[in-house]
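Student: The task is simple: from the sequences and hints, build the whole structure.
The working numbering applies: residue 1 is where the sequence shown begins, and numbers increase by one.
Keep in mind the hints are simulated off the structure, nothing from the lab.
The C-beta atom is built at its ideal place from N, Cα and C for all residues, glycine as well.
Where hints are given, some of them may not hold.
As the list claims (entries may be wrong) - Label pairs and their calculated CB-CB ranges:
#, residue 1, residue 2, range
1, Arg156, Asp54, 21 to 29 Å
2, Leu374, Gly294, 28 to 36 Å
3, His138, Glu171, 44 to 52 Å
4, Arg211, Gly294, 17 to 25 Å
5, Ala161, Ala182, 18 to 26 Å
6, Pro329, Gln299, 37 to 45 Å
7, Gly69, Trp111, 16 to 24 Å
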Amino acid sequence: MGDSGQLAGFLAVHRTRSLLQLTERLVATILHDNPAYAAGAVVPREDLHDSCRDNIVRVLELLALRVAGDSAPVTGPYFDAARATGSRRAEQGLPLDDVLRSFRVGGRLIWEDLIAQAGPVGMLDGDDLRIVGTELWHVVDDTSAQVAEAYHSTQRLQVRADEQRRAVIWEALLSGRGTDAAFVLEAARVLGLSPHGTVAVAVVDQPTVDRAATARITRRLAARGVASTWQHRSGSQVGVLELTTSDLGASVEVLGGWGVPVGLSSVVGGLAATGSALGEAMLALRTVAPGSPGVALYQERLPEALLLTSPEVADRLVQLWLGPLLDLPAREGETLLETLECWIAAGGSASRTATLVPCHRNTVVNRIRRVVDLTGHELLEGAPPVELSLALRRWRLDQRD
Numbered sequence: 001m002g003d004s005g006q007l008a009g010f011l012a013v014h015r016t017r018s019l020l021q022l023t024e025r026l027v028a029t030i031l032h033d034n035p036a037y038a039a040g041a042v043v044p045r046e047d048l049h050d051s052c053r054d055n056i057v058r059v060l061e062l063l064a065l066r067v068a069g070d071s072a073p074v075t076g077p078y079f080d081a082a083r084a085t086g087s088r089r090a091e092q093g094l095p096l097d098d099v100l101r102s103f104r105v106g107g108r109l110i111w112e113d114l115i116a117q118a119g120p121v122g123m124l125d126g127d128d129l130r131i132v133g134t135e136l137w138h139v140v141d142d143t144s145a146q147v148a149e150a151y152h153s154t155q156r157l158q159v160r161a162d163e164q165r166r167a168v169i170w171e172a173l174l175s176g177r178g179t180d181a182a183f184v185l186e187a188a189r190v191l192g193l194s195p196h197g198t199v200a201v202a203v204v205d206q207p208t209v210d211r212a213a214t215a216r217i218t219r220r221l222a223a224r225g226v227a228s229t230w231q232h233r234s235g236s237q238v239g240v241l242e243l244t245t246s247d248l249g250a251s252v253e254v255l256g257g258w259g260v261p262v263g264l265s266s267v268v269g270g271l272a273a274t275g276s277a278l279g280e281a282m283l284a285l286r287t288v289a290p291g292s293p294g295v296a297l298y299q300e301r302l303p304e305a306l307l308l309t310s311p312e313v314a315d316r317l318v319q320l321w322l323g324p325l326l327d328l329p330a331r332e333g334e335t336l337l338e339t340l341e342c343w344i345a346a347g348g349s350a351s352r353t354a355t356l357v358p359c360h361r362n363t364v365v366n367r368i369r370r371v372v373d374l375t376g377h378e379l380l381e382g383a384p385p386v387e388l389s390l391a392l393r394r395w396r397l398d399q400r401d
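Tutor: The structure is reproduced here in structure tokens:
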């Protein structure tokens, strides 16, 4: 042919004559070759047909433009069908590879049809075929790129929507909506947990999001039979752990590998109790010195939890039992307080306390007598007073801050 006007005319006639049969052939080929489309549950037949027709129209229009030496901006209407298809298939959950494969199939069918119509009657010579073939695959590539971009853009929107939905579910669950049975079922579905399983809540001191660390801990917990889901909340990483037993040993071991302070609640029954479990985990975390790695179990920090939730009582205990010691010069006061801590841990035994401090037994006795003189509380007869133990725990919590 060799004339650009004649070539453009041929493409225009071809577009008019071939649209219907090309659409039907492409739909049939896709349904035959791709089970994801053939099922019909993901992409309805009418949707597939309309998409094939609209995209064939645009591909043939773009081909005519390129053969004529023109080009269409990717933001223009010539790529509207491609973008609509990419976005819709992402919403439908069809794999992108399957979508792009259908565009390659469409390009092949168009090329075969062009050859079939032009070849036998000599309407296109070798140069024409080379030009049309080259430009056709440029068009298919450009169109496929727009499909992929729209697909990924829609996926990003879906991810953001899913994350927002998860955040809303998390906040509601941890704020006490677990009493709503219907909500618990929805929360379990969104978070991927059993609504009535045995769970515990962990709070990790992690001011910024560290997705890699969270993913690593999630995998390690799963390897130990513990499913978990996590959400960053108010400067901490909060996790709900679904346990196969009431034993927290495996969870403590894995969470300890985080290398930061972690508070872990007691075991509770079902997602309905996660609100109260969160409170336990947060209290447990408050008993750990900032930056000190390790897992604080709520059930092992009950005295500290009691003191933290009753600050006025705790402060009064400190004043009554330790006030005179706190008025001493810092070095002398801390020596007596730390000796008292060891003495409590040793059950009031001066010999065992001497091992813990460490110092001579007589030094321990002299220090305890010094405390008795300062506070007026008798300590050398009977077991160590509970009040003193609580006062020391409160003092230690204050040192944590």
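Student: Confirm or reject the claim that Arg156 and Asp54 have a C-beta distance inside 21 to 29 Å.
Tutor: 24 Å Cβ-Cβ, so the 21 to 29 Å window holds.
Student: Note whether the CB distance of Ala161 and Ala182 lies within 18 to 26 Å or breaks it.
Tutor: holds (21 Å)
Student: CB of Arg211 to CB of Gly294, is that within 17 to 25 Å?
Tutor: holds (23 Å)
Student: Is 37 to 45 Å right for how far apart the beta carbons of Pro329 and Gln299 are?
Tutor: holds (38 Å)
Student: Could one say that the CB atoms of Gly69 and Trp111 fall in the range 16 to 24 Å?
Tutor: At 20 Å between Cβs, range holds.
Student: Take a look at whether the Cβ-Cβ distance between Leu374 and Gly294 falls inside 28 to 36 Å.
Tutor: At 33 Å between Cβs, range holds.
Student: Return holds or violated for the Cβ distance of His138 and Glu171 against the range 44 to 52 Å.
Tutor: Once the Cβ atoms are compared, 50 Å apart, the range 44 to 52 Å for Glu171 and His138 holds.
Against the hints set out earlier in the document, no violation occurs for any number.
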